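Visitor: Spelled out, the chains give:
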Amino acid sequence: MEPLIRVDDLHKIYNPGENEVRALDGVSLTINRGEFVAIVGHSGSGKSTLMNMLGCLDTPTSGHYYLEGMDVSTLSDNQLSDIRNKKIGFIFQGFNLIANLDAVGNVELPLIYRKVGKQKRRRIAVQALKKVGLGTRLKHRPNELSGGQQQRVAVARAIAAQPPIILADEPTGNLDSRSTVEIMDILKELHKSGRTVIIITHDDDIARQVNRVIRIMDGRVESDEIQNPNEE
Amino acid sequence: MGQFLEYVKMALDNIRANKGRSFLTMLGIIIGITSVVTIVSIGNGLRNDVVDATNMQTNTVTVQVNSEEVTRTDVITGEDISFLRDTLGSSVENITTSQTMSGKCTTRKGTFDAYVSMTTPDYENAQYASPLVKGSYFTENDMESGRPVCVIDELTARYLFGNTNVVGMSFELAIDTGIQEVTILGIRETSDDMMEVEATYQAMGMPESISIEVPYTLSEAFGQPIEGFYSVSLTAADSDSTSRVASAAVQLLNSRHQDLGDAPFMQQRPIDLSDMMGAIMDGVTAFVALVAAISLVVGGIGVMNIMLVSVTERTREIGIRKALGAKTGSIIAQFLCESAIISGMGGVIGILLGGGLTALISALEIGGIHASLSLPAVIIATLFSCGVGIVFGIYPARKAARLSPIEALRRM
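As they're listed, the protein sequences go chains L and U. Read in order, the letters of the first sequence are residues 1 to 232 in this note's numbering. Read in order, the letters of the second sequence are residues 1001 to 1412 in this note's numbering.
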């Protein structure tokens, strides 16, 4: 069976020519459905560039990226928008919620761009928020919520559209330890319910809690290990 | 359509979230539209006032040969005029006609060039004619027998004889090669105003204004018999029936002269002062509206500026939306909706304010103006303000849509 993600000799070069920066320098990896993966690296290692590629936010200079068997490395901006909308649920370090929309409004966003009708959209959003424990905060705006709660809204937004991949970029980077545990618990829960979860992080504590750790250094895969997650 | 409403809702949410700023952005458009609507309405009102004033009802209308159909100028005969008088009866007070010829009159004082009006007894009370001050006008009998009699005005009497006590006196009148001794029956008044005008003419070295009225039948004696007239003026008994009298006269004359064509006669259009003034007012209104339109463009640039600021401020929001699947078109639609709604709302508020100002000016009769709201101005203002929003919104919207999601998310 075709793996969910297959990356083949991926290169990303900024400023080609003099002073060129090889952010990705021949990355190849495969991620199957249902995996719980951490992509770990220091800042400047190329992990963020890899995350942009995997999230279809950017296109590689060379190489191929097959998402569910489809080569997405050559698609146009608008096609990539479509792929992001349907295949990927993003969770960002900075939450990235829209300030003047309430929790439901934020969770609805990907569904709006998927042209889901108003009633259905609202139902899905409320359900997703209940799932992350924010059933009583539906009408709150981001500035009325704590950091942990905001990140839970973001998680609800990522799962509402039922994408095959949850891509979390330093999801706990801005959170206190209690909220970190909460968010990680939710991500583990998602993994247990069969979702593919990819976390990009520099934090080894986070990395210890997943099934597979891919270490990136200087734009290359340094190691790729399966492990038994350390339940904290 | 459903998707379009989503963008409208997004735009409204954002306008609501930035009420103060949205209002300030609208202000330029509001002022522009208010001034356009008010100015055009005032212009409209002035125009109506001018047209009304120049369209003052008169009792007198002139029916003339339709020169597009008939080339002859001597078609309305004495019989036609008698017939009109008999048929129209008491609904007309007066039916006059005349034909002017140039002649020379000679007295002890010398020989003068003169305008000779060949006319009928009704001419005594022709429109704008001054009253008789001495003697009497010539009669039907005088006309039928072609008696060599005339009526002159005081000014003419002074030129010809040096004084105005000249009733019963006579002088030699020459037209072309014919010469006749004519006797003065009556003297018309020359108003002081006319005397002043004449003095001015004299000072400019223009010839003396000598005018003589004679029965048209006298033309035969000069070897220039008048067969008919080009036009006839009818004075209705009351001003309400003027147009009825005019169309009746046109019909009657048409039926008596079917040999000349289908419609050889028509009502003479008075020199159309109202059209002219209307055109001038239109010009002034258009000019002032143009100035106001410039303020709208300035308002539009204000909208563009704020939208550009908004795009910069909301870079992250745009990044989030794109990351979550918004396409270029979706972002453009959202931002265009926002600028169109802002300027459209500004337009609506401007129209309401402009309408209110118009009503106020009318009610208070400021400067005696009866401003009246011009519907085309309202419609154009509405379309224009939405257009301004869209046109000036395109640049910021495209700028927003072209942001790369990674760049946009990286900020902050």
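FYI, nobody ran anything at the bench for these hints, they're computed from the structure. Since we're looking at a predicted model, the values are computed, not measured. Check the hints yourself; a few may be wrong.
[Claimed, not checked] Distance condition first, Cα-Cα at most 20 Å in a straight line; then the derived SDA-like pairs of lysine to any residue: (1) L:Lys120 to U:Gln1003; (2) L:Lys139 to U:Asn1018; (3) U:Lys1009 to L:Ile83; (4) U:Lys1009 to L:Leu101; (5) L:Lys120 to U:Asn1018; (6) L:Lys86 to U:Ser1209; (7) U:Lys1009 to L:Thr74; (8) L:Lys118 to U:Lys1399; (9) U:Lys1327 to L:Ile83; (10) L:Lys115 to U:Lys1399; (11) U:Lys1019 to L:Asn143; (12) U:Lys1009 to L:Gly117; (13) U:Lys1327 to L:Gln79; (14) U:Lys1399 to L:Lys120; (15) U:Lys1399 to L:Asn78; (16) L:Lys118 to U:Ser1404; (17) L:Lys86 to U:Lys1019; (18) L:Lys86 to U:Asn1018; (19) U:Lys1009 to L:Arg215; (20) L:Lys86 to U:Glu1006; (21) U:Lys1327 to L:Gly117; (22) L:Lys86 to U:Ser1404; (23) U:Lys1327 to L:Leu138; (24) U:Lys1009 to L:Leu138; (25) U:Lys1009 to L:Gln79; (26) L:Lys139 to U:Ser1404; (27) L:Lys115 to U:Asp1013.
Visitor: Look at each hint and say if it fits the structure.
Guide: The hints, checked one at a time:
no., hint, verdict
1, L:Lys120 to U:Gln1003, "holds (15 Å)"
2, L:Lys139 to U:Asn1018, "holds (19 Å)"
3, U:Lys1009 to L:Ile83, "violated (25 Å)"
4, U:Lys1009 to L:Leu101, "holds (11 Å)"
5, L:Lys120 to U:Asn1018, "violated (29 Å)"
6, L:Lys86 to U:Ser1209, "violated (98 Å)"
7, U:Lys1009 to L:Thr74, "violated (34 Å)"
8, L:Lys118 to U:Lys1399, "violated (29 Å)"
9, U:Lys1327 to L:Ile83, "holds (11 Å)"
10, L:Lys115 to U:Lys1399, "violated (24 Å)"
11, U:Lys1019 to L:Asn143, "holds (18 Å)"
12, U:Lys1009 to L:Gly117, "holds (14 Å)"
13, U:Lys1327 to L:Gln79, "holds (8 Å)"
14, U:Lys1399 to L:Lys120, "violated (32 Å)"
15, U:Lys1399 to L:Asn78, "holds (16 Å)"
16, L:Lys118 to U:Ser1404, "violated (28 Å)"
17, L:Lys86 to U:Lys1019, "violated (34 Å)"
18, L:Lys86 to U:Asn1018, "violated (32 Å)"
19, U:Lys1009 to L:Arg215, "violated (44 Å)"
20, L:Lys86 to U:Glu1006, "holds (19 Å)"
21, U:Lys1327 to L:Gly117, "holds (18 Å)"
22, L:Lys86 to U:Ser1404, "holds (19 Å)"
23, U:Lys1327 to L:Leu138, "violated (27 Å)"
24, U:Lys1009 to L:Leu138, "holds (19 Å)"
25, U:Lys1009 to L:Gln79, "violated (25 Å)"
26, L:Lys139 to U:Ser1404, "violated (30 Å)"
27, L:Lys115 to U:Asp1013, "holds (19 Å)"
Checked against the numbered hints given earlier, the structure breaks hints 3, 5, 6, 7, 8, 10, 14, 16, 17, 18, 19, 23, 25, 26 and satisfies all the rest.
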